[in-house]
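Since the structure of chain A is already known, use the hints to place chain B on it.
Heads up: the sequence lines are chains A and B, in that order.
So for the first sequence, this note's numbering puts the first residue at 1; every next one is plus one.
So for the second sequence, this note's numbering puts the first residue at 1001; every next one is plus one.
Accuracy of the hints is not assured; some may be wrong.
[To be verified] Ranges of calculated distance between the beta carbons of each label pair, as one might list FRET restraints: (1) B/K1293 with A/E276: 26 to 36 Å; (2) A/L164 with B/P1391: 52 to 62 Å; (3) A/A269 with B/Q1388: 38 to 48 Å; (4) A/C220 with B/R1097: 41 to 51 Å; (5) A/R236 with B/Q1388: 54 to 64 Å; (6) B/P1391 with A/E276: 21 to 31 Å; (7) A/P207 with B/Q1388: 22 to 32 Å; (8) A/C220 with B/G1207: 46 to 56 Å; (9) B/R1097 with A/P207: 40 to 50 Å; (10) A/A269 with B/E1287: 23 to 33 Å; (11) B/K1090 with A/P207: 43 to 53 Å; (12) A/C220 with B/G1173: 56 to 66 Å; (13) B/E1287 with A/D266: 18 to 28 Å.
[Claimed, not checked] DSS-like cross-link-like pairs, simulated, lysine-lysine; straight-line CA separation at most 30 Å: (14) B/K1268 with B/K1003; (15) B/K1486 with A/K216; (16) A/K50 with B/K1248; (17) A/K274 with B/K1324; (18) A/K202 with A/K52; (19) B/K1268 with B/K1090; (20) A/K202 with B/K1145; (21) A/K216 with B/K1691; (22) B/K1324 with A/K196; (23) A/K52 with B/K1691; (24) A/K216 with B/K1324; (25) B/K1090 with B/K1129; (26) A/K50 with B/K1378; (27) B/K1450 with B/K1023; (28) A/K196 with A/K274; (29) B/K1129 with A/K202; (30) B/K1378 with B/K1405; (31) B/K1293 with A/K274; (32) B/K1195 with B/K1023; (33) B/K1187 with B/K1129; (34) A/K52 with B/K1293; (35) A/K216 with B/K1248; (36) B/K1346 with B/K1378; (37) A/K52 with B/K1324; (38) A/K52 with B/K1378; (39) B/K1145 with B/K1101; (40) A/K50 with B/K1691.
None of these hints come from the bench; they were simulated from the model.
Since we're looking at a predicted model, the values are computed, not measured.
By construction, the Cβ of each residue, glycine as well, lies at the ideal position given by its N, Cα and C atoms.
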Amino acid sequence: MIKNDSALSRVRIPYGAWGSSYFPAWQASPLAEVNIGQFAAEAMARILGKRKVPTSNLDYLVSGSTIPWHWKFWNSPLLSTCLGERTPGYHVEQACATGLQAIAVAASEVQCSCYDAVGVLTFDRTSDSSVGVFPERRTNQRTAVISDVWDNFGFDPATAGSMLVTAGLAARKYKLDRKEIDEITYCRYQQYFAAKDAGFLKRFIVPLEVLNAQGKVVGCLDSDAGVRQVTLESLRSMNEMDTCVTSGAQTHPSDGMATLLVTSVDKAAELSSKPEIEIRLMAKVDVRTSPGLMPEAPTMAVQKLLSQAGLTLNDIAVVKSHNPFSVNDAVFSKIMDYDWIKMNRTGCSLVWGHPQGPTLTRIVIEALEEAVELGGGYVVVMGCAAGDVGIAALFEVA
Amino acid sequence: MEKALRRPSLETLGLGSVLGIFKRGVLPAETSDLVDRVFGAGGDRGCLVISGANGIVGAGKTMQLASRLIPYGITIAALDFPGAPAGLSKQFSGLARSFGKEQAAQIISNVVQFTYDGSHLPKQLAALKPRFLLEAVPEILEIKKSHYQMFHAAFPEIEIRSVTSGFPARELGVGVAHPAFPHEINKVFEVVEPKPSPITQLLWSLGLIPVMVSDDWSFVLDVLFCGVMLASCRYNAATNMPAWKIDKYVRELVGPGPFRAHDAIGAKGANFLTWSCLDHLAQKYGELFTPTKSLVDHKQSGQDWYPPNHLRPMVNWTLDDIEKQEFRTWILGPLFQMTSLLLHEKRSELSQMNAIGEMCAQFRQGVIALARWYGSEKVTRTVEAYHQLHPAAANSPWYPEEFTKMDSAEWQQLYVNAEHDGTVGVITFARESYNQDVDIELNQAIDWLKGEGIERVIVTSDFHLATQLVGADTSDFFPALEDQAKGVALSQKWSQTARRLHDEFATSVGFVNGKRCLGGFLELLQHCHYVVAVESADLGMPEVTLPVVPGMEGCHWMFRKSSPESWPKVLSLLLEGRSVKATTALGWLVDYSGPLTECVRTCWSIARGESALQRRAVNANRLTGVFTEPKGIAPVTGPGLQAARQAILESIRNSCSAPLSEAITIQARHSGAFMSSTACRTGAVGLAFAKTASV
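In isolation and in its complexed conformation, chain A is listed as follows (with noise of 0.2 Å):
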């Protein structure tokens, strides 16, 4: 059982600390265009000067994503400079979990004593993905060449099936009805556009005009661009890719960044907005489920993570998933009979869109958020990450 007094004592989350970029689907934003760490870093000062949290106060920077960018060789020092400071840092990397895994090693580096400021930044742009290209003699081809985003999609080396067939396969396992699933698509939706109109995006969103090489304003990131109303019709209408996976039941490709702080206690009271409120990681863990299963796996690590709390879903004031397919709330919502509309009330990546990187991040955003709406309380969020993996984390805002 976690107790509270000795799992990450020394680390809190600073409220208000935090933003990101809106997530505009891929190919519909001035993000297609750009180096998008260097975006990235450079809005983290942005969010954060909007915060009143000066840069200076970083003394480690973690940063995450996923699809290569120019420079990323130079990780999280470049980033750092690019945000306007010198400190040190690295990269993680973990598919879709990255998010939110940037935030554990952020934790961890606080917890070692370490630092008493880690700046979490995520990000990924999946418009014109980068390409590899690699000389690998042994194989047949000689060389293989990767686009880095939809490659991936479609082919797990470790099963040789995409992440759709994992959708397929988790709905026949858990026998998934067609119209529920719809019904979730649908729910999703309403609750991503009632948050959005109650004005929830705008608290931790950060509108960012991009400029072009002469210093010109080329667009402003003022929306999850591409994100429109759907109707339960529609949704009913759309032909199956896989069982219960129609082109409405499963997330788009977007580009974005997410940024939060990981703190001492000390340095939370000091840089938070509302030094009243404490957030607290209590814990994270990871599972791997069976081949082709990814969707059941978040599931999976919530089952592990409440259980080494010594909690139930009872006890959860926010439950957030970060969501490809409605697949993964329908399942999560049979093993643990839990009802699905309790879930994602502010949005998810289902809706918003999957910039891969910063996609847990800005879940993990809005889930407290939410949390500190509601007057406190834990929070679970998971999601999925590729190679079957489910990632969970247990907040706890006071």
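Frame of chain A; chain B shown alone:
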């Protein structure tokens, strides 16, 4: 009995008043006499030594002084280490652009370069008889002191001035002549001496602008320049806004782009100098001046503030109204607090303190004039608000009472002064371009002279801070680019001021004593009953090239004051934008032109009513018969010029064909309307607006 609205600027150099120049009929000092006093006369003439001559300061000053001293046979000994980068040779192209290759080569040939090891002077130097050392070695006190010892040991009589930007003369043991960037062309030297020496007066006589400042740590320029840099660094530290964007907002607010300036000067040296000045100031005055961590880091790394080309910024930064207010507090708060210190310690005359900011630190409006616009109460509130943001600064000196003296003539007449002897008055401009501050002060100066019962006046530049009169400050046109009514009002107001010189004095004499008089200032002086110009002066109306339409009655006044035979020349002046020499403008722009001394005497005799020169009357009637299509005007290139010519012709046609009483409004309408046109907004004024006022 002579009276002055405020102390004449020239007097601070020990050179008397401007009125005195006219009364005596000669300049207060002759260059050849001063050269003799500084370098020795005839066969005993010695040389000028510049040490650190390959550095940015040393190389610039070597060229600037060499070009001016060559007529007097003064050799420049340029001294530096053997391995110093060749800064002097880089100056040649600029010199050739200014003087032509032949003369540039002649100037260079008079510069003798020596190398030394830092502790032993080259033996051959003695043959040149060093009389004056301008020291530009690194900004380290002990190095400077030992440098002086070495020179004093070898040449006991030598006069030494340091170009230091930070060390007081009392620490150095020698006087200070601190020049401003860019060193090859900026004429200003901040001078620290117990009283103005022949060296200082020689600088003035050579057409440079020495300004006396007090003997304190860092001088006026560096308190302002380093101050605005520090304020910008602090804003960066508080908000994360990157340097390039802070520059844009600072430029919009006050004028300079501090980070870009450091990079342009050379980040390594400039960051060190700024840090050095601030560090010394912080030791004496506390946290207000303490360099930020970022400045210390850049001092150590020598890295530019702007990102390299391959990391050009991607994310824009904009400020909402509340953030803008906070930004103003971060920048102006420390600047005003530092200014209170400058005022309290009487670091310089107010007009000169103000001018230093404008001429050397890119302030659109000097910091004193800026404070005056804000008013005492708002200045105090701004500094107090700054102390909320940066509490440690509240422990540094802050003298709000200094801003309560704004009603005094010293505060009120920063740019325009007036003197009189009971009969003749002199109005002098200490600013080379005309702006709304100058306009207000000119009206106050006229009011004062009128109040003193003065009916005869000479209007001219101040023989010190303004060495030429270049026309309107086009940044005052920025509001008119987006609001035609503001342009019309500006033109109307400035024209009304100009008319006072014509209507309210029995005799007024406009005197061009510098190398040029252009645009708005030429229009202004044309309103005087007489215009006198030194023979070398260029006179012109370059408005068409900007393009703008002349708005101080240039489109009709010159026609009304000249004979129809001269009208084609006036048309050419207005439509082509080319300058003419004063000597060729006799009879239609100028009533007398000659050598400076003759001009001074002529002005005085006209003003006293002792000249036989005929006054050219202003025709107040409708003018007819001239305004057909102009002939002999050079063909136009570009749509902007075409539009401007059309607009100027329209203005000429309509304002000339009206009686004088109505013409002022008509020409103001034309001028104002053109400022909001596409041609103006896409021309030089519009581009300047986009660069400085549009963030």
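Verification of the supplied hints:
For B/K1293 and A/E276, the Cβ-Cβ distance of about 30 Å falls inside the hinted range of 26 to 36 Å, so the restraint holds. Judged by the Cβ atoms, the range 52 to 62 Å given for A/L164 and B/P1391 holds: they are separated by roughly 59 Å. Taking 38 to 48 Å as the suggested C-beta distance range, the pair A/A269 and B/Q1388 does not conform, at roughly 21 Å. At about 44 Å, the beta-carbon gap between A/C220 and B/R1097 stays in the expected band of 41 to 51 Å.
Between A/R236 and B/Q1388 the beta carbon distance is about 60 Å. The supplied range of 54 to 64 Å therefore holds. Our hint of 21 to 31 Å for B/P1391 and A/E276 holds, since their Cβ atoms are close to 23 Å apart. Restraint check, A/P207 to B/Q1388: a C-beta distance of roughly 29 Å satisfies the suggested window 22 to 32 Å. In this structure, A/C220 and B/G1207 meet the distance hint of 46 to 56 Å, their C-beta atoms being roughly 52 Å apart.
The hint said 40 to 50 Å for the Cβ distance between B/R1097 and A/P207, and at roughly 47 Å that hint holds. The hinted range of 23 to 33 Å is satisfied by A/A269 and B/E1287, whose Cβ atoms lie roughly 24 Å apart. Checked against the given bound of 43 to 53 Å, the beta carbons of B/K1090 and A/P207, roughly 46 Å apart, stay inside it. Separated by about 60 Å at the C-beta atoms, A/C220 and B/G1173 satisfy the suggested range of 56 to 66 Å.
Between B/E1287 and A/D266 the CB atoms are about 24 Å apart, so this pair conforms to the stated range of 18 to 28 Å. A hinted pair counts as satisfied when its Cα atoms are at most 30 Å apart, and B/K1268 with B/K1003 does not qualify at roughly 49 Å. Between the alpha carbons of B/K1486 and A/K216 the distance comes to roughly 29 Å, so the proposed pair stays at or under 30 Å and holds. Restraint check for A/K50 and B/K1248: satisfied, since their Cα atoms lie roughly 19 Å apart, inside the 30 Å limit.
Between the alpha carbons of A/K274 and B/K1324 the distance comes to roughly 24 Å, so the proposed pair stays at or under 30 Å and holds. Using a Cα cut-off of 30 Å, the hinted pair A/K202 and A/K52 holds, with the two alpha carbons roughly 16 Å apart. Taking the CA atoms of B/K1268 and B/K1090, the gap is near 19 Å; set against the 30 Å cutoff, the hint holds. At roughly 61 Å between alpha-carbon atoms, A/K202 and B/K1145 are farther apart than 30 Å, so this suggested pair is violated.
A threshold of 30 Å between alpha carbons decides the hint, and for A/K216 with B/K1691 the separation of about 12 Å falls inside it, so the pair holds. With a C-alpha separation of about 28 Å, the suggested pair B/K1324 and A/K196 falls inside the 30 Å cut-off, and the hint holds. With a CA separation close to 28 Å, the supplied pair A/K52 and B/K1691 stays within the 30 Å bound. With a C-alpha separation of about 21 Å, the suggested pair A/K216 and B/K1324 falls inside the 30 Å cut-off, and the hint holds.
Proposed proximity of B/K1090 and B/K1129 is supported: the alpha carbons are some 27 Å apart, at most 30 Å. At roughly 27 Å between alpha-carbon atoms, A/K50 and B/K1378 fall within 30 Å of each other, so this suggested pair holds. Restraint check for B/K1450 and B/K1023: the C-alpha separation of about 20 Å stays at or below 30 Å, so the hint holds. Under the criterion of a C-alpha separation no larger than 30 Å, the hint pairing A/K196 with A/K274 is consistent with the structure, at around 23 Å.
Among the hinted pairs, B/K1129 with A/K202 is inconsistent with the structure: their alpha-carbon atoms are about 75 Å apart, more than 30 Å. With a C-alpha separation of about 14 Å, the suggested pairing of B/K1378 with B/K1405 holds against the 30 Å cut-off. Pair hint B/K1293 plus A/K274 holds up; C-alpha atoms about 27 Å apart against a cutoff of 30 Å. About 24 Å separates the Cα atoms of B/K1195 and B/K1023, which keeps this hinted pair within 30 Å; it holds.
Distance restraint check for B/K1187 and B/K1129: the Cα-Cα separation of roughly 26 Å lies within the 30 Å cut-off, and the hinted pair is therefore satisfied. Between A/K52 and B/K1293 the alpha-carbon distance is near 18 Å, which keeps this suggested pair within the 30 Å criterion. Restraint check for A/K216 and B/K1248: satisfied, since their Cα atoms lie roughly 13 Å apart, inside the 30 Å limit. In summary, the hint linking B/K1346 to B/K1378 is supported, as the alpha carbons are separated by about 22 Å, within the 30 Å threshold.
Between A/K52 and B/K1324 the alpha-carbon distance is near 14 Å, which keeps this suggested pair within the 30 Å criterion. A hinted pair counts as satisfied when its Cα atoms are at most 30 Å apart, and A/K52 with B/K1378 qualifies at roughly 26 Å. Straight-line distance between C-alpha atoms of B/K1145 and B/K1101 comes to about 38 Å, which puts the hinted pair past the 30 Å bound. Between A/K50 and B/K1691 the alpha-carbon distance is near 25 Å, which keeps this suggested pair within the 30 Å criterion.
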